[in-house]
Amino acid sequence: MRRRSADFRRPGKRRLQDVVWWISSSVLILFFIYILAKGSTKIDSAHQFSRRTFRRDRVIEGFNVTDEMLSPESVTRQINDQISLAKAFVVIAKESNNHQFAWELTSQIRISQIFLSNAATRRTPLTIKESEYAIRDMALLLFQAQQLHYDSASMIMRLKGKIQGLEEQMSSASEKSSKYGQIAAEEVPKSLFCLGVRLTSQWFTNLSLQKNLKDQRQVDMKLKDNDLYHFCVFSDNILATSVVINSTSINSKNPDKIVFHLVTDEINYAAMKAWFSLNDFRGVTVEVQRFEDFSWLNASYVPVLKQLQDSEIQNYYFKGNNDDNKTPIKFRNPKYLSMLNHLRFYIPEVFPELKKVVFLDDDVVVQKDLSDLFTIDLNGNVNGAVETCMETFHRYHKYLNYTHPLIRTHFDPDACGWAFGMNVFDLVQWRKRNVTGIYHYWQEKNADRTLWKLGTLPPGLLTFYGLTEPLDPSWHVLGFGYTNVDPQLIERGAVLHFNGNSKPWLKIGMERYKPLWEKYVDYSHPLLQQCNFH
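Here the sequence shown is numbered in the numbering used here, starting from 4 and rising by one per residue.
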């Protein structure tokens with residue numbers, strides 16, 4: 004068959020190719036148109052957004068809160084002033100038991116604060132028109148408060164009167180608390196009095212107790228042996244002294260090398276002798292003396308005894324006369340003239356054969372071995388003591404009267420104080436430096452109580468000024484009779500001191516610290532049970 008020419012062939016195949024080509028071109032053109040249109044929209048949107056941002060930045064830049072508040076026409080400042088005044092009136096209204104009015108003020112304060120919050124959020128100042136109702140409503144309430152005599156002048160007078168009344172009540176309550184606390188601290192508990200009576204009775208009726216002491220005359224050599232550890236306690240409290248000795252012996256590595264020298268008064272002498280004859284403390288040697296037997300202890304030598312003969316001193320300490328109750332009761336405690344309290348300044352005379360002694364108060368508990376105290380080098384000083392000047396209160400100026408020229412001239416007001424209660428005394432240096440003579444000098448100068456008022460610590464600070472060697476604070480931890488003590492200090496402390504009125508043998512003792520003391524009391528002892536110790 005003969006092939007047709009090109010012009011007369013079927014056009015189907017070529018027509019299909021043309022259709023495909025036109026469709027592809029159309030899609031491509033539409034795609035480009037879409038891209039161009041989308042890009043134009045983005046540009047317009049970005050342009051509009053930038054214009055809005057620029058406009059907002061200009062508003063923010065033009066709005067300065069501080070300037071607006073300082074403006075004399077500032078609505079924000081006016082509302083703030085109203086809120087401050089309204090808050091004061093809320094307190095006053097509550098004080099006057101006008102709780103309804105206080106609630107109304109509080110509600111209006113909340114409304115005004117919402118206005119301020121909205122203005123701060125939108126960063127545009129408040130206008131008078133939009134704040135008119137809030138300002139007017141608050142002004143009406145403030146006017147009503149003034150009509151109720153809540154104005155400043157009236158309230159200042161009322162508050163002053165109330166403050167003065169509260170101060171008087173507080174002063175009265177504080178004075179009563181101090182007075183009753185002091186009385187409670189000075190009173191002897193019935194159980195302790197009972198123990199003294201029973202022991203005294205046993206001493207005079209049971210001759211075997213006295214015989215036992217006579218059979219122990221060989222201990223006299225121990226009392227003078229300077230190779231042993233000598234402790235001294237001056238007290239009229241049998242149980243407290245017993246706890247000191249018991250706690251020392253239990254925590255000692257060598258209790259047989261410990262010698263306790265006790266000095267008491269005539270009243271408690273027999274009871275003390277009986278108690279320490281009846282009880283054993285792991286081989287500790289105990290000597291009991293009474294200060295009335297010291298022939299050198301007389302008014303011609305001891306300033307305190309001389310002062311006790313003065314009628315004015317007797318009235319001050321024992322009757323409370325000639326003072327118009329101006330002096331706090333704690334300064335008038337007769338114990339501050341007790342010889343048992345002042346014997347600490349006569350230790351070389353009390354123990355003439357000894358070279359070194361550790362002095363302990365009767366309100367301490369020992370919970371570590373104290374033998375290392377006797378090897379501490381005092382560097383030529385007389386007194387080894389723990390300093391207490393970590394706080395400002397324990398500087399010299401808190402104990403002494405620096406308006407007096409004698410004090411002002413001789414002592415640095417910022418000198419560091421220290422504590423009685425656990426002290427290492429070098430008696431050789433004491434005698435060499437005539438420390439007791441220094442004490443006599445200052446005690447005589449204070450006959451009119453113008454140098455200091457309270458206790459034996461102030462004369463101690465004067466007497467041992469420049470003669471005290473600081474010890475590590477862990478040797479002596481204070482405050483168990485009046486404050487809270489850091490548990491870590493309790494754990495590390497060698498001697499815990501119940502200084503203050505809240506003694507552990509009293510009902511007013513601090514309950515949280517009583518167990519530290521009570522664990523050295525044998526409550527199963529027949530005499531303690533008979534006297535209702537528990």
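Hints may contain errors.
To be verified - Derived SDA-like pairs (lysine to any residue); straight-line CA-CA distance at most 20 Å:
1) Lys510 - Phe536
2) Lys193 - Thr412
3) Lys227 - Lys510
4) Lys193 - Leu509
5) Lys256 - Lys90
6) Lys90 - Gln167
What the hints assert, rightly or not - The following label-pair restraints were derived from C-beta to C-beta distances:
7) Gln491 - Gln167: 41 to 49 Å
8) Asn254 - Tyr405: 38 to 46 Å
9) Gln167 - Asn83: 26 to 34 Å
It is worth saying that the hints were derived from the structure and are not from the lab.
We put the CB at the ideal spot given by N, CA and C, even for glycine.
Going down the list of hints, with the structure as the test:
{"no.": "1", "hint": "Lys510 - Phe536", "verdict": "holds, 12 Å"}
{"no.": "2", "hint": "Lys193 - Thr412", "verdict": "violated, 48 Å"}
{"no.": "3", "hint": "Lys227 - Lys510", "verdict": "violated, 39 Å"}
{"no.": "4", "hint": "Lys193 - Leu509", "verdict": "holds, 10 Å"}
{"no.": "5", "hint": "Lys256 - Lys90", "verdict": "violated, 68 Å"}
{"no.": "6", "hint": "Lys90 - Gln167", "verdict": "violated, 23 Å"}
{"no.": "7", "hint": "Gln491 - Gln167: 41 to 49 Å", "verdict": "holds, 44 Å"}
{"no.": "8", "hint": "Asn254 - Tyr405: 38 to 46 Å", "verdict": "holds, 41 Å"}
{"no.": "9", "hint": "Gln167 - Asn83: 26 to 34 Å", "verdict": "holds, 32 Å"}
In the structure shown, a violation is registered for the earlier hints numbered 2, 3, 5, 6, in ascending order.
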